[in-house]
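Colleague: If you read the sequences in order, they're chains Y and L.
At position 115 of the first sequence the residue is numbered 114 (numbering that gives the first Met the number 0), and the sequence of numbers has no breaks.
At position 91 of the second sequence the residue is numbered 90 (numbering that gives the first Met the number 0), and the sequence of numbers has no breaks.
Some hints could be false.
What the hints assert, rightly or not - Quick list of the computed label-pair ranges, beta carbon to beta carbon:
1. Y:Asp173 to L:Leu427: 44 to 52 Å
2. L:Ser441 to Y:Pro172: 57 to 65 Å
3. Y:Ala40 to L:Asp351: 30 to 38 Å
4. L:Ala142 to Y:Ala89: 41 to 49 Å
5. L:Phe358 to Y:Val94: 56 to 64 Å
6. Y:Ala40 to L:Phe436: 36 to 44 Å
To be verified - Chain Y is nowhere near these chain L residues, computed Cβ spacing over 10 Å in every case:
7. Ala24
8. Ser124
9. Leu131
10. Trp197
11. Thr339
12. Pro397
13. Thr416
Honestly, the hints are just simulated from the structure, not real lab data.
Ideal Cβ placement from N, Cα and C applies to all residues, glycine included.
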Amino acid sequence: MNHDHHNNQHENGSEETSRPLSPWLVGAFMLALCWGGFYLAFNSGGFRQDVYESNAVNWAGGGVAAAAPVDPKVVGKRLYNQNCVVCHQASGMGVAGQFPPLVGSEYVLAEGNMGDNHLVMLVLNGLQGHFMVKGQAYNNAMVPWKQLSDEQIADILTYIRSDWGNNAPPITPDFVAQIRKETASATDSYTQEQLMAMPAMKPAASQGSAPAKK
Amino acid sequence: MSDHTLPHHQHESGYPPVDSKAIDASVRLPVIILFGNAIHWLVVAALLSLVVSIKLIAPGFLGGISFLNYGRLAPMARDLMLYGWASQAALGAGVWLMARLCGQPLGGGDGQGIGGMLLRTLIISATVLWNLAVLLGTLAIFAGYSTGVEWLEYPGWASAMLLLSFLLIGIWAVLLFDRRSTGRAEVAQWYLVAAFCWFPWVYGTANLLLVWKPIQASAQGPIQSWYCGSLLALWLLPVALASAYALLPRLLGNHLNRRHLATLGFWMLLLLGGWNGMDRLIGGPVPAWMTSAGVVAGVLFLIPLFMISINLLGMVRKRAIVAGSISCRFLLMGLYALITVGVIGAIASLPDVSGAVRFTAFTEAKTQLWILGAISLPLFGLLYESLPQLLGRDCWSPVLSGRHYILTLVGLGMLVTLMLLGGLFTGLALADPTVSFLNITSYSYPFHVMECVAQLLLLIAALILGANITIALAGDYLLNKKTGK
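Make the full structure from the sequences, and use the hints.
Modeller: Below is the structure:
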């Protein structure tokens, strides 16, 4: 193969006597490689293009460090603006004679005969027929919002209970899930009479909810 | 220790059994022109670096003149160091080593045929083009037409000229490898082939995406970091290592044992080299995995560096040989610089350390040690070894060579130590909210003053090298005149 002369021996022959490396050194190299693997696994943000915080997500995509908790009111407002604002308006005042207001509404704040469960029920399954809100009569239908998740409904309700001067305790996703389960058999929208027939579950804490006086 | 120990100065017997005189004759002119221009740019770059560092202690120095402000001189100095000096010297080193190691005169035959002549003309023309690009690019920065991309400040047309010139020279080095008459490739040849393939890719890609047709801004940072890391670790460093792998066995009269270690070191260097720059982006607006990969690469980069050092330093048996050869001393010092910069780089890439020192002189110290130490020192070593062989006589003045060696090491050591310490102090002070910024500037002032002294030493060293090679070449000219060539 090669047309070289004797001297090439020097280059390709005798010199490559392979002495083994010190096992300590090999061990150190291995250790460094292991460290590299672990470091990447826990600091690569799952190799996702949208993760900039190196320890936000681990390589499996699960959270290593807990993400900052989201404010349900912020999410709820966004969802409200996407789903509810058409009828109930951004001001929460509804449209006189057509869509009832949420501001100071006994349904929203669970006052009088109303309970938390009634609010969740009517959002989940809808409301129809003749009903009274703040002494005004309405005759309209609210569509069911079953397609929204427990989390989303809880966020929306928590939001409408806290804005515009409303001040009632939040609704938890667990509570929505519980009501959804209990009313799973309901096929039609409720009427006010049907709702009232069910015992009210009052908010756990701080009964004294009151609409702001403007 | 070894029966094969070659007496010093009988390098010839170590080279492949081909007519090394004919090979040297075939590449003499292009390589000398490359080296000569490289050293001339080194002097200019050292001068500019000195001015730049004076500006750090006396901001008013040469102030008021727009084209002499810091923002223009600093990139000019850095780019001249990278493209004028290091890359050009690496090209010269690459061509000479490749021809020698492949046992092939340029252009085939005895190298004096028409093919050889054409190739020499081509390479010399390409060298002229390279230097024209460096000159015009530098003047463009001077005039305010910098692209603003770090290390790619030359305008698009100048970088296109550089790339074209590189291809015109580099392709012959790769073709020489293809036609080698020496059988199995030496370690040095792997590095050379890798380097000559890597530069066009890295430089072309970076210019395409950042200068010629800039892509969206969010992607520019990572590309630029990749380029900086790759330029050092995949183009300049491999040539420096090729010089060490090629020359040290011959100079030390010893054999390279543990070729498997060299293989492993080579591939790991290529694998990690490109990732090496990404740790510059820690905390920046890039996906987390990029910076984390950079951190890991920065630390793991130590593995190939240790492998290579064990490989090369393992050949040192007799201190007398090292002491007797300026080339050998430069090559070994380059290796020590490489290990040091590897360790510093690994420590500095850890996010906690990086957070403290990244925006200080510490980072600059690392870069300086890379360019002036790990890359330049081996290139000096190769220069001192190759020129006497190319000219066929002992051409260096031993006094000047010795001065150059001492001043370079003292200047570099001083510069890097001061910048590391100064950077560390600045970084810690910056992290302390009770220290005012004005105080921090006054802390770092003494460091900057001493850095000026270090830069002055480096400038004197570069001037001595310039004088040395001028005398060497002039001597050749006079000799030729006498013999009527």
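Colleague: None of the hints should be skipped; say for each whether it holds.
Modeller: Checked hints:
1. Y:Asp173 to L:Leu427: 44 to 52 Å: holds (50 Å)
2. L:Ser441 to Y:Pro172: 57 to 65 Å: holds (58 Å)
3. Y:Ala40 to L:Asp351: 30 to 38 Å: violated (19 Å)
4. L:Ala142 to Y:Ala89: 41 to 49 Å: violated (58 Å)
5. L:Phe358 to Y:Val94: 56 to 64 Å: holds (58 Å)
6. Y:Ala40 to L:Phe436: 36 to 44 Å: holds (39 Å)
7. Ala24: holds (20 Å)
8. Ser124: The assertion about L:Ser124 holds, with a minimum of 33 Å to chain Y.
9. Leu131: Nearest chain Y Cβ is 39 Å from L:Leu131, so the label holds.
10. Trp197: holds (23 Å)
11. Thr339: Given a closest Cβ separation of 18 Å, the condition holds.
12. Pro397: At about 29 Å from chain Y, L:Pro397 clears the 10 Å cut-off, so the statement holds.
13. Thr416: holds (26 Å)
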